[in-house]
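Listed here are the chains, written in short residue letters.
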Amino acid sequence: MLLRVENLTSYFFLDEGPLKAVDGISFHMDEKETVGLVGESGCGKTIVALSLLNLIPSPGRVVGGRIIFDGEDLRQVTAERLRQIRGGGIGMVFQEPGAALNPVYTIGYQIAEVLRLHRGLSKHEADAEAVRLLGETGIPEPEKRARAYPFEFSGGMRQRAVIAIAISARPRLLIADEPTTALDPTVQKEMVKLLGYLQEQYKMAILLITHDLGVVAEMAARVMVMYTGKLVEVAPTHDLFRAPKHPYTQGLLNSIPRLGAGRKEPLRGIPGSVPDFLSLPSGCTFHPRCPLGDDSCKAAFPPIRDLSYLRQCACYKVDHG
Amino acid sequence: MKSRNPPDRVIPLGLSLLPGMGHLALGKRSRGLPLLSFSLLLVLVLYGNWDAFLNAFETTAVDHWIAAVFLIVALAASVIYSVWDVHRLLGSPSEGRHGKSPFQLARRRFAANGLAVVALYVIGLLYLLALLAPLLAPYDPAAITDILATRYLPPSWAHLFGTDEFGRDLLSRALYGARVSLSVGLLAVLIAMSVGTTYGAVAAYFGGVVDNILMRIVDVVIAFPVFFLMLVLVGIFEANIVFLVLILGLTSWTGTARFIRGEMLSLKEREFTEAARSLGLPSWRIIVRHQIPNALSPVLVQAALMVGGMIGAEAALSFLGIGIRPPTPSWGNMVSGGQDALLVAWWVAFFPGALLALVVLSFNLLADGLRDALDPKALMQRFV
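Each protein sequence line maps, in turn, to chains A and B. Numbering-wise, my numbering puts 163 at position 163 of the first sequence, and it's gapless, one number per residue. Numbering-wise, my numbering puts 234 at position 234 of the second sequence, and it's gapless, one number per residue.
Hints are all accurate, no fakes.
Ranges of calculated distance between the beta carbons of each label pair, as one might list FRET restraints:
1. Arg216(B) with Tyr202(A): 49 to 55 angstroms
2. Gly155(A) with Val220(B): 44 to 50 angstroms
3. Tyr309(A) with Pro282(B): 42 to 48 angstroms
4. Trp284(B) with Tyr202(A): 28 to 34 angstroms
5. Leu54(B) with Glu141(A): 57 to 63 angstroms
6. Gly208(B) with Gly196(A): 40 to 46 angstroms
7. Gly120(A) with Phe243(B): 46 to 52 angstroms
8. Glu6(A) with Arg108(B): 55 to 61 angstroms
9. Ala300(A) with Trp284(B): 45 to 51 angstroms
10. Arg108(B) with Ser122(A): 30 to 36 angstroms
11. Val220(B) with Asp15(A): 26 to 32 angstroms
12. Pro282(B) with His211(A): 29 to 35 angstroms
Within a straight-line C-alpha distance of at most 20 angstroms, the following computed SDA-like cross-link-like pairs (lysine to any residue) qualify:
13. Lys268(B) with Val104(A)
14. Lys144(A) with Gly156(A)
15. Lys268(B) with Arg61(A)
16. Lys144(A) with Gln104(B)
17. Lys28(B) with Trp84(B)
18. Lys268(B) with Tyr105(A)
19. Lys268(B) with Ile56(A)
20. Lys268(B) with Glu96(A)
21. Lys268(B) with Thr46(A)
22. Lys144(A) with Ser101(B)
23. Lys20(A) with Asn7(A)
24. Lys20(A) with Arg61(A)
25. Lys268(B) with Asn54(A)
26. Lys268(B) with Arg83(A)
27. Lys28(B) with Gly14(B)
If you are wondering where the hints come from, they were derived from the structure by calculation, not from laboratory data. Please read all numbers here as calculations on a predicted model, not as lab measurements. The beta carbon of each residue, even a glycine, is placed where N, CA and C say it ideally should be.
Bound-form chain B, shown alone (with noise of 0.2 angstroms):
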């Protein structure tokens, strides 16, 4: 029966080219929405950047290159992604496997909960303009021509979010400052986790008295009041973004360490550990593979809530005047530049702030969107 191929099987396999499509064709609203969403923008951002796109390849410009190659990867990836998916679902039509793991359990609830759906689509498309916004922004962010002609022109064709005091083009900048803002809130919080679970996880194994040590280092950093501590240190070094992403990082993972050495004590008593400890297993196996997972989804949570929070912090600090410093762009420094002109030229702060707000909302969407489908004792239920 296998080796012939019933046509109503090729079609979605051959619509499968278009990512997503043969998804679609099968029914799998789920995964091909996504797909076909992400293939189309790319597609669309070649089409309308293709001098740009062409261009990339001839400069010296190393964003201009990554922008370029990554849009062409990520093109490939899709379409080669989606032929093996449909490829895969067509060898086993039945989706009639027994185990529903809990992370395809919680994935069911998420994609269930609207609000967070749109918000990780939100999410997803800021941090792909920001990828690729060398290919995207018309003008160059920080060339300035002929002030007094193009200063502070309201939005339109030609500029969409208008122009500041130096007639600089705000799209142009705010891409550019996506790249900045969005990054460091990335990157601050990885920084936190890693070192935060690491911390915690250190704690709570060893117990006694390096336990003991250990957080009382955590009492002392978290009484530090980090924000003149970012004062200073900015201070006495420059503000760049690596810096940035340094401070914001390595003052913020208290809250984790505390959270995953509360959560790994927990689990240290639970039976299943004592099981696995009287089966032979090896202490790291126990600690990596069967208490950490068991520790992970709270932790997910507090980091989707946690990059909202970091991108706030920097474009606080860059607001200031005490993050990154212009002309290279920041969302936080753009809204700083533009409140002086509040009343007559709305926009030059009006756009950034409120991307500012749209990114930061819907991490506290997505975050909440992940506790509700990762609730442990909702883990525990049966979804029907």
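So here's chain A without its partners, still in its complex pose (with noise of 0.2 angstroms):
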């Protein structure tokens, strides 16, 4: 096993009182495995993600739980430790791929940069492997562009280089925060291959943040899908799809548009919005919006039970065994 995440918990400490974006999460990770985690925008996706490295803004903090990479606790290791396995053993691929490079250098130094850091590699050898690196995450031309700067790039050119960087020193985990949402459907389409590829290639495991469904479908082994920071359904992607348990699940893949659909058919969504964090609903958060939610919803969050082998859901309303 590669990651053990136990009872992740994250808060952001704010005037109002603190803010649960990450409440109590557990999963695990297998070498080389591909793991979805959906949900809606402002679910915690990407607070889960951060609270990895620990590398949450401040008012933020990681406030309790295990996460075990690699036979290691990262939340009891030094700094120094920390920051190897940042980049080393975990990369990260951000969600805006022009925001993630500092417009001041060129793509070829931003990755020298990393190459030099991690792997120790001479400034000559380096540039010679972010170059190959470029090539090998498909961009035209690498040696002409590792010198070119980032406002140089399209978007989806951005995204290979944001990606280059991040394998470059071989991390065993790829946490892959929304890699396809800033970019057009073409691209995307591109950028799942592109990841699969050096999935292969680089013996990875892929940690695959988004909201967008199909995406998740393409890619991923397992899907996990998060609601107001907890864990409400994991499932194999074939049988999440095929037959999702919890509710909100259900409603989740009845609202993806279809093409072919007919005219009169209204685009079907989830009743409501993800709820204010500070003002969460009693109970399961989920029993307002839900259609199968009554009073027995209200006292307690459902916990998260094992249905059958590999597959578990947090619903009062699910029958377990």
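Need the complex rebuilt from these two chains, each delivered in its own frame; the hints are there to steer you.
Listed below in structure tokens is the structure:
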């Protein structure tokens, strides 16, 4: 097992009180496995990713839980060791490909910087390796492009460059936070292919964070569904799409618009919106929007329970066993 | 192919022994013209003041010696640089390098701004003249000979700027005054910028309580009436150049500190900082290599503006008699010395005043050009 997260809890300490952005999440990832983490915007997906590397911006902080990566608890290791793991053990691809690059340095420089830091390459070796990585991520004329600046790249090329930087130190886990969201559909497809290729090549596990269920269906072996900072359903991708158990998952899948659906068929969604984290509904936080919700849901958040081997769900209304 | 040297390649290399000519032969005017005019000026100075140059090595006066050595070193450096650069350009004749760095783009935009380039030339010339003042000054700036015969002589070939009430040559005094005025401006800004940048970066990096305390200190310093502070301090201590530089520098860093702090705080939130942290780069490297370069261009503009302001401030203090004291000349106290005789001898106050106006204006134009060239929004545009 590459990564085991137990009861991860991250709060933002606001003037109004603590905001529980990640509230007791447990999951695991195997070597070379791709796991999708899905949910609506603002449900805490990105904070889970940032929590793993202890990168939550102030006033946020990881307050509890264990993060066992490759046998080490990342919450216990020294700052120096954590710095080595950032980039070296766990790489991260950010949402806005343009913003993650420093505008004043060439792309090649930014890759070489990481290579020299983590792999101890000489300047010359690092430059050559940077060109190779750019070529591998599918950038045409990499020798020339390595000397270009971020503003000379298109959105898709920037995303490739960002991926090249993230994998440059050969991490064993790649966290891809909305890697396709800012791109147009044709480029999205190439990016999915690229990530698949690189995973094969470098034997990485990928934690894929997205709200795009199509990308998840194509890439992930397992899916975790998140709502208001908690996991509500975990299942193999195939099973999840075929037979979603949690009413929230069902709602998500139902709200995907279908090509070829009749004009009269209305766009469906989940009624209501993600509740304010500071005034969450009591009990199951989904009950006000849930078709099955009733008074029995208002008492406490349902614990996440095993439905079968590999399948878990957090709902009172779903039959267990 | 490389072993054969086509004759059209050799000519520019030979020409580059006269700095700038090689570049001009290659059609690189933006590098050739400054080099050519710079070295020609040095040669002219050397030719026109050969005796002074030779004497400089025999006298015990340190600034004569420094000026003479500078002259030689500068000439040698421009020849060496010129040959080296032309050689380099010949080695890679195609200018087809792909990326143009934001800095290169900014330089191009700056070069396209004629007024700013002229201002830069003027500033460069004035600093050069100030450096070479001991060689250039036709008379001793403090020498008083026969007052009755030489006082208040109007501008003539013997005294280009005329003479003052003690019969001292005003051109010589203006040249020596430039040393004071220009170096006070530059050094004070250097102090203000380094203190301000460090202070602001520290405040932004630590944040929280440290930031709060540091910024409240800035508020206090800003609220202080700087002018009266100077009056009091000058009353207590003797005003010399070092003291003036320190006072001016240490009272004007607050704007830079606030500015850098704000800039660094916003850079802290930028995604590339987060990305750099996620890649395990050490904090100092993120600050020094990734954040400060992104915050620097507005600071540069502010610095150029401030030099003009500082020179003006030094002049104002000296004019009021609390800055540089006569007989040491500074443009400020020269204007002050000329004001009594303004109606009978206009030239005494006019020349240093005009030089002050010229240099302050030049720095403002330079700052303007820098601001346009370094505009972060313009930086993102591709220069075609």
